[in-house]
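**Q** Spelled out from the first residue to the last, the chains are:
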Amino acid sequence: MSLLDLDPGAVARARDLAARVGTPIVDLARGHTTVAVERATLRIAGLGGADPDGTPWVNHLADAVRNALAADGGLAHGVSLPVWDALVRGEADDLATLAQKAAAGSVSFRLPTGADAVAAAEAARADVARGIAAIDANRRTREALLAEIGDAPRTPWIYLIVATGDIYEDIPQAQAAARAGADVIAVIRSTGQSLLDYVPEGATREGFAGTYATQENFRLMRAALDETSRELGRYVRLTNYASGLCMPEIAALAGLERLDMMLNDSMYGILFRDINPIRTFVDQRFSRQIHARAGIIINTGEDNYLTTADAVEAAHTVTTSQLLNEYFAKEAGLADWQLGLGHAFEIDPDLPDSFRLELAHALLARELFPDAPLKWMPPTRHMTGDVFRGYLLDGFFNLAGALTGQGILLVGMMTEAVVTPWLSDRDLALQSVRYVLNGAGGLREDFQPSPDGFIATRARRVLAEAIGLLETILDHDGGLLDAIADGTFGLMKRPADQGKGLDGVAVKSGAYVNPAIDLLETTSVARATSETASGHHEGER
Amino acid sequence: MSIVRPYGDTTGDGMVQLSFTLPLPHDKVADGAALQLAQKMGLDPAMVVHSKPMGESFTFFVVYGRVNHLVDTSLVQIVERDYPLLTPKEVNAAVKEGLRRPMVVVGACIGTDAHTVGIDAILNVKGFAGEKGLEYYQELEVVNLGAQVSVPDLVETARERHADAVLVSQVVTQRDAHLINTREMAAAFREAYPSQRRPLLVVGGPRFDEHMADELGVDRVFGRGTTPGEVASYLVHRILAKEIA
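Note that the protein sequences, when read in sequence, are chains A and B. 1 is the number of the first residue of the first sequence in the numbering used here; add one for each residue after it. 1 is the number of the first residue of the second sequence in the numbering used here; add one for each residue after it.
Only chain A is shown next, with the shape it has when bound in the complex (with noise of 0.2 Å):
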């Protein structure tokens, strides 16, 4: 039932002008490579592991692939010919051994061609196939974890942080929100772990605001959470962060180590994090094609807009971003029920009817994507350090999420901006969302905004600036890269040459191959189950 009366012209002129704005992305996207995603293709083969000083072996492969092959093309060919060539040539009897030796300098490297090229590509096909299967596996498992202990009572799912920097810390915390009522527990990354060009290994116990996102990590919080998921009956899902330099990788290991929600948008790294765009895009498409596999659900970050920008003003930068996200999502294989689209309570609420406001833009979001379950992060530009005014703040947020029916609720703390939170924060916070969900939870089939009142007005005409950027961005000769180079996303300038990782990006050549990306777009995981897990999640809304 639409509230808001969107005229399905608009809608489909929205769509339609994303894919245009996301075609050309793609294309790049498809005619490039780049260390993160060679390095990814290694982890799901099965190599791991770091030396005595914390370089990753598939940082010391890649990089002694590239660098025997640097006067003939470099990474353009991608690793697996050379890596798996040498394989076949006897320099060592497994990727471990080989990366060793390579980091040592003994192996030789060499881009096979004709009968050698097909060995090494059959074999390299083999390995990743292995890992590939790993994912499916996870999948199934989780799936047969939701049928056997159950899933979360009602949506929205109630999202809690955990971030002391020490995963032996975070754990028993984590087990604790959980109890206290979280479905969805995410921890947050130290900082600065989005500029590492490697991923750290092994369990950490050091971090900064955050804790590193490591394999060793994602299995010991998800062994956690798997006990205390047949302790309270439900499944609690783990989210962690598939952005940064190392996104491909962080997305592989989340796919083998069986997360279940991902951090994963198409431009914040660019924007926020200067990362050179082509590098993030392609980046980009092969860690949603992983997400997409591994029956991650995504989550985008448009919230992000609205931190540095004005909530009503940029309103449209959320709507063009979900709209580009999806389209994106989708050219990756990610179905509806996996697109957790952001978006953020963020309007000033000195601002005359600013609740309304914010009802306007979640019901756009909701309406344009009906399938999906959004994500919906709590205010904190707006978090002043009042935690009074900041605690009822955050109610008005959950009631939104309620009354418009948000997928996935991240808990607001009224310490926003104060401290990292306290027991007493979160405690104090679900105390919150327990009260309006239980007592205004079912508020929203009593709720019919006027056709032509303010809330559907707004609504409205914030889709159509959306159509208006994304036609500015057309308009640009070279779309969306140009339009992100002049600053069209908020005030941040963000040049295609420009920008970190760019020396980690290549054109592919024609002799490039990749089996995980063949994999990854010509098999799927057994049809019979991922049809029964969309099923069970479109059910539930």
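Just so you know, these hints were derived from the structure itself, not from any lab. We put the beta carbon where it would ideally sit given N, CA and C, even for glycine. Among the clues, some could well be false.
[To be verified] Cβ-Cβ distance ranges computed for the label pairs, FRET-style:
#	chain 1	residue 1	chain 2	residue 2	range
1	A	R461	B	M41	49 to 59 Å
2	A	S2	B	E80	51 to 61 Å
3	B	D176	A	D353	40 to 50 Å
4	A	L196	B	S195	29 to 39 Å
5	A	T55	B	K96	34 to 44 Å
Given chain A, put chain B in place with the hints provided.
**A** Below, chain B alone, put in the same frame as chain A:
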């Protein structure tokens, strides 16, 4: 009136409220322990008006009570604003007349800090608290390097752009990262420039103590709630004074 005490609903009643958590299961012992803490903090009488279990081994309390302490406002030390507050128009006019060229301001979040909210509030046109940011000032040339800028990169950019002032924002304070980063930054600028030529160094963030400028080796520290207008006014005051001197 230089002697005051807290005000609940009557002058001189000394009433305060506080809330805290004790790592105790919720029972009468916990309530008694909360009362004891409040009394030791100087609340007399203290009333535990709310106690609630959080999980099995923690209890949350809200306590009201009367304090007998007096505060003497004449003994409070603050950093008074020692520069006149100017409008953007006045800032532009002063720079035009005093420098005869745009004033160059380089801003960044240094170290691993990725929170650009502070530097953006001061620099972005959008601004903060109803005031436009420094990018809005015609006579200010703003270079916002964004997040996670290394100190050597910051120094290099400051040199290249002939910065008059360098603004650094630090939000993350774990393990005193904001203080360590600021000292490192100040030392790098002292090393890279002769003392007369060094750009004005300004740091800001919600957890800085505004008294710490000397200790940190910077010219000025701005705390929570600082507006772009205050920063612009300060820059004009100091940089023009230096040019004239």
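**Q** Do S2(A) and E80(B) keep their Cβ atoms within the hinted range of 51 to 61 Å?
**A** holds, 59 Å
**Q** Given a hint of 29 to 39 Å, does the C-beta separation of L196(A) and S195(B) actually sit inside it?
**A** holds, 36 Å
**Q** Is 34 to 44 Å respected by the C-beta to C-beta distance linking T55(A) and K96(B)?
**A** Hint violated: Cβ distance 53 Å, outside 34 to 44 Å.
**Q** So does R461(A) sit 49 to 59 Å from M41(B), Cβ to Cβ?
**A** Hint holds: Cβ distance 53 Å, inside 49 to 59 Å.
**Q** Do the beta carbons of D176(B) and D353(A) sit within 40 to 50 Å of each other?
**A** holds, 43 Å
When held up to the earlier numbered hints, the structure conflicts with hint 5 and nothing else.
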